[in-house]
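Enquirer: Sequence:
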Amino acid sequence: MATKKKVRSLRIDPVLDKRITSYAAASGMKESDAVRDLLEKGLACESLSVFATPVGRLVRDVMEAEFSLMREDMDSRNDALEERVARVCSRGTKASLQAAAMLNDVSRAIIPAWKDVPAEELWAFYAKQGGELQAGRVYADVKREG
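In terms of my numbering, the sequence shown is residues 5 to 150.
The hints are simulated quantities; they were obtained by calculation from the structure and are not laboratory data. Be careful, since some hints might not be right.
Said to hold, decoys possible - With a cut-off of at most 30 Å between alpha-carbon atoms, the simulated BS3-like pairs for lysine-lysine come out as follows:
no., residue 1, residue 2
1, Lys8, Lys34
2, Lys9, Lys34
3, Lys45, Lys9
4, Lys22, Lys45
5, Lys45, Lys10
6, Lys34, Lys45
7, Lys34, Lys22
8, Lys10, Lys22
9, Lys45, Lys8
The structure presented is a predicted model; accordingly, all values stated were derived computationally and were not measured.
Could you build the full structure based on these sequences and the hints that come with them?
Expert: Here it is, written out as structure tokens:
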């Protein structure tokens, strides 16, 4: 015996419409099939939390733990990458500061408005930061103190 299908209309906002369209395109489905698929998945997830079965609770706890570990791993990798970029960028600091100081001296001779700029303090500040990074200080600490 064939089951009778029911037709329902659904109002969705533009954000949800865009998400459904993206999901359908990524999955290679028609939008109507994507809506049915998402409803089935949503109802399956809802039954895990509504009935709070031991298996559902276990699955949810495992997933939360995995996401927590992934988040911590991503944070530590991000910190390590920021540190590495800071060290690499600081390698040429002294040479570039020398060139900038020479350029500053030439510019001060040419541009009258720059005569009173306290360039020595500025270059000393950046040279100090570059030296600290090259010596192995943590980028976040150098940035915070600067």
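Enquirer: Each hint: holds or not?
Expert: Evaluation of the provided hints:
Between Lys8 and Lys34 the CA atoms are separated by roughly 21 Å; this keeps the pair inside 30 Å, and the hint holds. At most 30 Å may separate the alpha-carbon atoms for a hinted pair to count; Lys9 and Lys34 meet this at roughly 18 Å. About 19 Å separates the Cα atoms of Lys45 and Lys9, which keeps this hinted pair within 30 Å; it holds. Simply put, Lys22 and Lys45 have alpha-carbon atoms about 18 Å apart, close enough for the 30 Å limit, and the pair holds.
A threshold of 30 Å between alpha carbons decides the hint, and for Lys45 with Lys10 the separation of about 19 Å falls inside it, so the pair holds. The suggested pairing of Lys34 with Lys45 holds, with an alpha-carbon distance near 16 Å, which does not exceed 30 Å. Restraint check: the Cα-Cα separation between Lys34 and Lys22 comes to about 14 Å, which is no more than 30 Å; the hinted pair holds. Annotation: proposed proximity of Lys10 to Lys22 holds, straight-line Cα distance about 25 Å (limit 30 Å).
For a cut-off of 30 Å, the pair hint linking Lys45 to Lys8 stands: about 22 Å separates their Cα positions.
The earlier numbered hints are all upheld by this structure, with none contradicted.
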